[in-house]
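Participant: Given next are the chains, with one letter for each unit.
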Amino acid sequence: MEHKPLARTVLARWRHARIFGLGDRAAPVAFTPGLCLTSHDPEIGVEMAPFTIEHNSEKLPATLSISARGAWSYPFGETDVPTYTADEGHTLPPSLQEADSGLGQSTGPLLPVSWQRLVHDATLLDANLSPEIIVIQDAVQLAGHPGRLVQTIHLIRERFPAALLWAPGLGGPDNCAILSWFGLDLFDLRRSQQAAAHGILLSRDGPRHIDSTSGESSEMAAQLSEWRASLAATRSAIQTGTIRELVEKQSLNSPRLVEHLRRHDAQLSGSAPLSMHVDKGQRLRCHSSVSRADPLVQDWIHRIENEYMPDEIQRQTLVLLPCSARKPYSASQSHRFFRSAIRNRRIHQVIVTSPLGLVPRELEEQWPAAHYDIPVTGDWDDDELATIRRMVTALVERVGYKTVINHSGIDFEIETIDTRPEGVGASSKAACDVLREAIESIEGEPMREKTFLRHAFASLSRWQYGTDAWMEGLRVGGKPPRWMLLKDKQQMAQWHPDSGRFSFTKSILPILRETGTLREIEIGGDEPWKGDIFPHMVISAPEDLKIGEEILIIRDGKLLGSARCKAAGWEWKCGAGRLARSQHRL
Amino acid sequence: MPHRGMAEDVTAGLLALPGKAVKLHHLVKAPENSIESIRIRESWNADEPATVYTTPERLPDGTPCTAATVILRTRGCQWWWKSGCTFCGYFNDVRDDVTSLNLHAQWLAAKNQLNDFEGCDMIKVYTSGTFFEDEENPVDWQETVLTETADMGKHLIVEAQAHLCHEEKIAWIAEKHPGCTVAIGLEAYDDEVLKFHCNKGFRIKTWKKAVNTLQSHGLRAKSYLLFKPPFMSEGDALQHMTKWIRQIAADSDEISVNPMNIQRRTIVDRIFRHREYRPPWLWSLVQMIRNVHPDLHPGGEERTRLIVHPTAAGSIRGAHNCGRCDKEVAAAIERYSVSGSLLEFEGLSCDCEVQWATEIALDTSLPMPLGSGLDRRLDSVEALLSP
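Chains as they are written, first to last, in the working numbering: chain A, 1 to 586; chain B, 1001 to 1387.
Each hint should be verified, as a subset may be incorrect.
[Claimed, not checked] From the derived model, a few chain B residues whose C-beta atoms are all more than 10 angstroms from chain A:
#	residue
1	Lys1023
2	His1104
3	Ser1233
4	Asp1236
5	Arg1317
6	Ser1372
[Claimed, not checked] To give an idea of the chain B side of the interface with chain A (calculated C-beta under 8 angstroms), a few residues:
#	residue
7	Ile1248
8	Ala1249
9	His1274
10	Ser1365
11	Pro1369
12	Val1381
Keep in mind the hints are simulated off the structure, nothing from the lab.
Please read these numbers as outputs of a predicted model, since none were measured by experiment.
Even glycine gets a Cβ: it sits at the ideal position worked out from N, Cα and C.
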């Protein structure tokens, strides 16, 4: 039977957390993360609770119906209210995973899944399956099995990017940000109802006894105000790209949440949907040691430790410098002093820091090097020291620097020229004099600024695209800070230091394709390509596209133009809403 | 071709796990042959019964009496040999080398222990299976029990699986001990539940036929129902048990509701240890009794007797409440089984009642087939921490 599709678009996203606008894309009235209400729940506005549900177990196995609380199906007439029904089937608990005796769950726009179904039911392998809402029936039980909850959510989230995900019974004002981070969209009031029955307030900080001195109550009205505040905080954090910080705070609300976050971080390490570039003003606040496990941080560490190579002109001498609170480092006073002490452009400057470990100077404008922020006590802990030392050893071995000048104040096992006299700050005149002396003892032919920048941009290009072949025959021109790359007198690309990216002109797109610099996505259809890139247009796309990444648009083998990714690779396979914004059309 | 071999070794779903998929039936059997199980089974003396005790009871005509219960060590249940029910831990008490001599010795020991059942007008003889199944229990021993108890003028209750109540055998029973009671573990009056939740091995059609056979030979039919089988929420258990009792009342001389208790090394034990199952609330049993009492007493007259003996009531492995009110509530339920009066529940209340009611409401309104219940014995704040 044909069903009314739920109109939805992604209004904001940060990794797997998203805000969906429901209904007419031009004017959505309901949003996720939000609540599903049962007939036992109090009335809540549609902006917080977009769906009502009806579970009927008078006959077993039970049936489920979910209704939108508005006409959110195209063409948005009065009767265009999406309602989906499903057979819940029988499910065995996750501990009996070997047995496939359950099942009977229906397959359709409303898709009930359990661990058992994921393990045994081959119908979910159908590539054409595109559910509107997915219900993880045994989520609460799965949460008690190490790793299985995040494994399940991750698997379903990436397999069905456009579906709304609900794990009945799991959510609360104390965990909705973290569950959104994992990829859930919908929650319910089960835990708040139970808290009310116990005379406990399920607050944003977890369940707690009410404070009688301030006249607090554990009635549902009080429970709901916690929900409102928490959902609002979650949505705000998704919009501003600060949800990781909220997640780290929220994870402390229960030991299970800490476990889930650790497992999730470990599971996504190496495959998280990260951004290549972020908006100006974006920060990454690494206020707790949990931030070190963030796949974004781990990805940086991994790439510097295992892949990064400086430009060939900078492989003789390394100088290790301390970081600064101000980012990019070059904008800080201390680094101005360092730069004035380091007049030799052939010396490779690498900044020692936490949690990123090492940041090569030419990458200092990249995400997240230009954006992170940490509390500073002046002391490194053992874990930070171990990471920095491990990375320095790996980098020095791989590059084969002949000399390492150490101005960082950290001791290393490798041989270094230490330039930090006892008892003075790194940027003090005394220290900078020692540094200057050490630098001046290194030989090296002077190099003109634009020649040097050509090498720095090549290194940046290799970091971003894995190649600098497109720069063949180009020279650096223009004025700082927006340097240009020119072919003869024609501009081919411009450097944008604020966003840490090259912006390419139309004329260089064929070369970017020939040199395999930008990745390609193939679109279908035969109408002229207009507007942006939407899921129905896409025939194929790399699975690991990053937000902010520039891509080439190909049809029938022909280059049509370029676009910038708004969604990461996991959303490109039958996702929802705009995937990329067009940049150039040839 | 090498791929085929590999494909056979993982499950079929989106999340392929190593190993072959099995039926629930295989998991039921799995613990039986564990070293611990065998050790326990083989540690007992086959000449002594498992348990012998007396309880207050009511005769079929309603007269209060004392009943003797004799639980024997046998070769166990034929259904267990083939498959087995999800909740039944009787296999812990059986071994396959029990002979007629052993059983006669056990019977004699029981009689000795209770002074030839002096003062007991009712005798319950339980064999962890079907009393009159010839492969389970030797015919000569069956005859001994039937005739001896008939000669003593005692009312006898034996147990059977529905599909084993064959016409000829029932006729023979009725001849040896006329008017005795045969109790059948129906568990659920719902074929879906019998198959999926209980793995019971027969359907309600078979049970109906068995009851007809018993009653046509003048025997009394007692039906056991299981409150809250595995893989079912508290709310569904209450809702369905209420319905089942009403549905089978007309065909049953007595209905005995057994609230689930966790028996060692069963499937239920396994999911209980993973916190995927909690035994029923005592409040659910009270509510169930309140729901069906008018149906069982049309016009105030008792039509079918309802018995609820919550095994291990108040303990974490039996039906339980918050821990503070368990004793009182369980005692009221026990008293109701004898008195049949709702007055037993007058004035009974506890703070945990609202928590129970919330659980029932959530179970019946959210798609959480395995239930929404929290641990009832943890500190409230701890129980409510994010899963």
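Participant: Taking the hints in turn, state whether each one holds.
Facilitator: Hints versus structure:
Remark: the non-interface label on B:Lys1023 conflicts with the geometry, its nearest Cβ contact in chain A lying 5 angstroms away (cut-off 10 angstroms). The beta carbon of B:His1104 is kept farther than 10 angstroms from every beta carbon of chain A, the shortest such distance being approximately 41 angstroms. Here B:Ser1233 does not stay apart from chain A, with its beta-carbon only about 8 angstroms from theirs, under the 10 angstroms limit. Once the 10 angstroms rule is applied to beta carbons, B:Asp1236 is inconsistent with being away from chain A; the minimum gap is 5 angstroms.
For B:Arg1317, the non-interface assignment is confirmed: its Cβ lies about 17 angstroms from the closest Cβ of chain A, beyond the 10 angstroms cut-off. The beta carbon of B:Ser1372 is not kept farther than 10 angstroms from every beta carbon of chain A, the shortest such distance being approximately 5 angstroms. Hint on B:Ile1248 is violated. Least Cβ distance to chain A is approximately 17 angstroms, over the 8 angstroms limit. The interface hint given for B:Ala1249 is violated, since its Cβ lies 19 angstroms from the closest Cβ of chain A, which is over the 8 angstroms cut-off.
Given hint, B:His1274 at the interface with chain A, holds; its Cβ is 4 angstroms from that chain's nearest Cβ, closer than 8 angstroms. Among the interface hints, the one on B:Ser1365 holds; its C-beta lies about 4 angstroms from the nearest C-beta in chain A, closer than the 8 angstroms criterion. Proximity of B:Pro1369 to chain A holds as hinted, the smallest CB-CB distance being about 5 angstroms (cut-off 8 angstroms). Interface hint status for B:Val1381: upheld, as the beta-carbon distance to the closest one in chain A is roughly 5 angstroms, under 8 angstroms.
In terms of the numbered hints stated before, the structure departs from hints 1, 3, 4, 6, 7 and 8, listed from lowest to highest.
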